[in-house]
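Undergrad: So you can see what is in the structure, the chains are spelled out below.
Number of protein chains: 2
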Amino acid sequence: MNFCSHCGAGDLDLRIPEGDTLPRFVCPRCATIHYQNPKIVTGCLPVWEDRILLCRRAIEPRYGLWTLPAGFLENAETLVDGALRETQEEAHARVDIGELYTVISLPQINQVYMMFRSRLTDVDFGPGTESLEVRLFDESEIPWEQLAFRTIARTLRNFFLDRRLGRFSLHVSSIERRAPLPPDLLAAG
Amino acid sequence: MNFCSHCGAGDLDLRIPEGDTLPRFVCPRCATIHYQNPKIVTGCLPVWEDRILLCRRAIEPRYGLWTLPAGFLENAETLVDGALRETQEEAHARVDIGELYTVISLPQINQVYMMFRSRLTDVDFGPGTESLEVRLFDESEIPWEQLAFRTIARTLRNFFLDRRLGRFSLHVSSIERRAPLPPDLLAAG
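Residue numbers (our numbering), protein chains in the order written: chain D, 1 to 189; chain U, 1 to 189.
Bound-form chain D, shown alone:
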């Protein structure tokens, strides 16, 4: 953020506004406070009989790796509407959205994943413009080493464990990246 999106002034201050507790970009001319907040990624885990639908990404980041249908919640959408839209866009698939299943905070990248269990209503699916390939996997076929995101691996791992236990429950967690190596260790590497 270099300029005020309200009045166009440059030289934004990064300071704690009066009555606030965190530094914000504040416009020196019109005094607009520019808040920045985490985004929600909404999506689903589509099931057909005992198989799961995955999409192979045709876009960065993680081009070529496998993921569940999911993407940023848009303004004016509910979580369920967003999950349905992403599933349609990425896999041309229709699902009945079931229970909210994993909620994963990613504080380092300012995202919260919210994944629903769902049932495919038919197997007439195929890659959208953001996917190279879409297919059903049974548990033994899941490409664990080729998954795009740790949130997706965690959601799938929970699912197969819960399915074995015969009982699905909500999983709320967070993933905090390991601290980066200090520069002297990096240089030594």
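Calculated from the structure, these hints are not laboratory results.
Every clue listed holds true.
Intra- or inter-copy, both count: the list cannot distinguish identical chains.
Below, simulated SDA-like cross-link-like pairs (lysine to any residue); rule was C-alpha separation at most 20 Å, straight line:
1. 39 / 60
2. 39 / 76
3. 39 / 61
4. 39 / 148
5. 39 / 62
6. 39 / 110
7. 39 / 108
8. 39 / 150
9. 39 / 177
Fit chain U to the given chain D structure using the hints.
TA: Only chain U this time, still in chain D's reference frame:
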């Protein structure tokens, strides 16, 4: 949004970028696409024995009305960290955060509420700068007509119903405002 926050250009285009499906503000000079997405409100329902802690708002909107401790999730925070922070700021209270309890999409105002059940660890609480008053209410005392938000009323209603049933479960829902009256009806009113 009147100016590009990246390069300061005015005359932003509101158009659907290539490969996208929704209109975005796009900078005609540096081509930055400015996405706007819903915000998360994270908070909790603090319980002490059979009573609930509520805060009376010292800020707009809904000055003077009662609410549960909750506020916008900040960058670099987990949902639980945000709920703890808001509870400390608004009620100077410490809680053990329990299960995620209500998730409510508010598509008309681009928010998603995420409220956790929690237990006060002590009764040494009091109003923060955003509260006029903080106190414990038993069910019969809840000021239903003086609650600040429908999300708060829904969360409390679910809680008292579930408590009576002896079983708490996650509630995922949305609140969509009634469509506004058409202008001719408004004029007639």
